[in-house]
Amino acid sequence: MDTVLTLLSSFCLLFGSFLCLSGGVGILRFPDFYTRMHAVGVTDTLAAAMILIGLMLQNPDLLVIIKLMMILLMTLFISPAASHALGQAAVLNKLQPLINMNINPLEEDTSAGDKSSKS
Amino acid sequence: MFAVVMLAGIYGLVCASFFVAMDAVDVAFTEASIGAGISTLLMLTTVAMTGRTDHEATHKPLMAFVAVIVTGGLLIYGTFDMPYFGSADAPVHQHVGPHYIYDSIQEIGVPNMVTSVLASYRGFDTFGEVTVIFTAGIGVLALLSVARRPEDDAVMEAINDSMHEKHLILRIVIKTMIPFIVLYAFYVQFHGDYGPGGGFQAGVIFAAGIILYAMLFGLGAARRVITQPVVQMLSALGVLVYGSVGLVSMLNGGSFLDYNVLAADPIAGQHLGILLIELGVGLTVASVMIIIFYSFVGRSQFQKANKGELL
Amino acid sequence: MIIAATLAVLVVMILAIIRAVVGPSLYDRILAVNMFGTKTVLLIALLGFVMGRPEFLDIAMVYALINFVSVIGVLRLSDAFNAKHNGPVAEPAKRDS
Amino acid sequence: MTMILGLYNYWIVIVLMMIGFYIIIAHGHLIKKIVGLNIFQISVFIFYISLGKVDGGTAPIWQEGIILYSNPLPHVLILTAIVVGIATTALGLALTVRIKEAYGSVNEDEIQAMDNQVMASQEKEPQQC
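These protein sequence lines map, in sequence, to chains H, X, E and U.
Under the numbering used here, read the first sequence as residues 1 to 119, first letter to last.
Under the numbering used here, read the second sequence as residues 1 to 311, first letter to last.
Under the numbering used here, read the third sequence as residues 1 to 97, first letter to last.
Under the numbering used here, read the fourth sequence as residues 1 to 129, first letter to last.
Keep in mind that the hints were calculated from the coordinates and are not lab data.
Keep in mind that the hints are not guaranteed to be accurate.
Stated by the list, open to error - Calculated cross-link-like contacts (lysine-lysine; reagent style DSSO-like; alpha-carbon spacing at most 27 Å):
1. Lys94/H / Lys166/X
2. Lys307/X / Lys94/H
3. Lys166/X / Lys307/X
4. Lys304/X / Lys166/X
5. Lys94/H / Lys304/X
6. Lys33/U / Lys304/X
Unchecked claim - Distance ranges between label pairs, derived from CB positions:
7. Ile66/H / Val96/X: 33 to 39 Å
8. Ile76/X / Met51/E: 28 to 34 Å
9. Val44/U / Asn306/X: 35 to 41 Å
10. Leu76/H / Phe85/X: 35 to 41 Å
11. Gln117/U / Ser255/X: 54 to 60 Å
12. Leu46/H / His99/X: 48 to 54 Å
13. Leu68/U / Val225/X: 42 to 48 Å
14. Val96/X / Gly52/E: 23 to 29 Å
15. Met119/U / Leu168/X: 53 to 59 Å
16. Met1/E / Asp161/X: 47 to 53 Å
17. Leu7/E / Leu8/H: 17 to 23 Å
18. Ile76/X / Asn116/U: 36 to 42 Å
Yeah, the Cβ is synthetic: ideal placement off N, Cα and C, and Gly gets one too.
The whole structure should be built from the sequences, with the hints applied where relevant.
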């Protein structure tokens, strides 16, 4: 039982670290704002969740687990909402993507909202 | 200018992580809520009000550079006599430090030594700090407060209503979160004896909840939740609570802010005194932060309204 | 394993700082700051475990919260910015007086 | 070598402090000055906190079985200093806003020039500041 828990938590931590790193490379190497936001928004929530779950599996103390779950819940609420707000603000202020696609705030508004709330 | 402020925010975050690594959990708590959050917001509001253009060059850079290098060199020369980093026999750890660490659990009965030093051993000091914060709140109010005009409020209300569609997702998320934020602030307030936390941090978190609401639903809506006179009264009430605890302990025969006499048992008295004092601190800090935020945002709306008339 | 995760988070934080310094547009910077904040939450949670006293997760929670508040605030204010700079500014008239 | 390892925390503090100091002296922009003041302030915080750290110690929250704690006294001083720091920063920013309203500029040199002009022509003060 113990080894199974340790293995699981190691796997979660490693996977989370990998996601973190890929997000970091993405934010540095991608060509324009929207692709960068894609890299961060997609990896961020899952990476945080994975690392927090990995930590939960390591600790027997109930209070610590509850606190970690609170952090996880908050992250699940906050990160998509923040990336939604960010993407929407960029679209509304007519920040142009690199590919030649003329952004029209009124038409793109709803689709931008859908995209980032899913991620 | 925007970049400057954003990087200052990151600096605050880095510092708070550093404080965690240095075992100063309470300080990290405070720095996280203040240095990274509120001060960045205030600076951004000011930048938005004063314009982001930045057309000046540094003046007399060479002289300043020389002065800085000389001062820095002297300071580094001064460090050669300092105790090494992390050494346990440094002078700091010789005088009152051991007393606070080893005796406070018997004398005060509060596991968090930072709280017991803050609220009990150095309670008078903290009283001064609370008064300073209260004074700063009054200062900001005196500098930035504007008479409210009903027609401006109506215009702002209309603008806020028109933005309802645009901010729908955020508004729903935040509406769900605000109760938890306030609950968490109370947890920090009353759990400060046993873990990191206390009045200062709780006040800032509570204020952050209100500020979040004010940012998304407009200043008018937030002012309907907590009106300006109420906030002003509360900020004074916090200082008053703090001072009256001191007076009550004097009336009971102790000295100013000596909580041993507040209850029959000294430990119980200390608990009661610390609880009340933290409450006073929390009230003052929360309401002063809200006052500061209201004043800044109210001023910027006033400026906008004035410009609208000019055009 | 925890140490490895801590190191990964630290590396990502450095990458985010680079993007915040370089970031050509305002939104790049906000994105980097947001990412930096979430990574700090993870770092503090991990640091608690590294130091062997994991009760101090409250700080991480405050971080998550305050980070959100500041991102929202920055975005709202940047809206105000753009509205202000698109319209004519009445400032020069004031300076003459 | 032991000296470098033993004293580097002070040097980091001094470098940060001097950066803040330089910004305060050399920049004319008032908000930048306030940012510089913040950097200076935080360097002092770091100084105090690093003084309080003991090797092998842990956070000063009492727990069964732990003997060595870091010194809580610097933590208390800095905790209150941070909150007072934000209050003074807010006051400084409020002053900046009023200066901008009165002078139309937040640049030290321009404000000085305007003041000098007013002094030279012996007029009354520019607006009601």
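Item to check | Pairwise beta carbon distance, Ile66/H to Val96/X, judged against the given window 33 to 39 Å | outcome: holds (37 Å)
Next on the checklist: Can you tell me whether the CB distance of Met1/E to Asp161/X sits inside 47 to 53 Å?
Outcome noted: holds (52 Å)
Next on the checklist: Please verify whether Lys33/U and Lys304/X have alpha carbons no more than 27 Å apart.
Outcome noted: holds (26 Å)
Checklist entry - Does the alpha-carbon distance linking Lys307/X and Lys94/H stay inside the 27 Å limit? => result Distance of about 25 Å is within 27 Å: holds.
Next on the checklist: Within 42 to 48 Å: is that where the Cβ-Cβ distance between Leu68/U and Val225/X falls?
Outcome noted: holds (47 Å)
Checklist entry - Using the C-beta atoms of Val96/X and Gly52/E, is the stated range 23 to 29 Å upheld? => result Given range 23 to 29 Å: holds, Cβ gap about 27 Å.
Item to check | C-beta pair Leu76/H, Phe85/X: status relative to the range 35 to 41 Å that was hinted | outcome: holds (40 Å)
Next on the checklist: Check the hint pairing Lys94/H with Lys166/X against an upper bound of 27 Å on the C-alpha distance.
Outcome noted: Holds, because 15 Å separates the two Cα atoms, which is no more than 27 Å.
Item to check | Supplied distance hint 17 to 23 Å, evaluated on CB atoms of Leu7/E and Leu8/H | outcome: Holds: the Cβ-Cβ distance is about 21 Å, inside 17 to 23 Å.
Next on the checklist: Range first: 36 to 42 Å. Now tell me if the beta carbons of Ile76/X and Asn116/U are that far apart.
Outcome noted: holds (39 Å)
Checklist entry - Regarding the pair Lys304/X and Lys166/X, is the alpha-carbon distance no greater than 27 Å? => result Holds, at about 21 Å.
Next on the checklist: Checking one constraint from the list: CA of Lys166/X to CA of Lys307/X, max 27 Å. Satisfied?
Outcome noted: holds (25 Å)
Going through the hint list in order, the structure satisfies each hint without exception.
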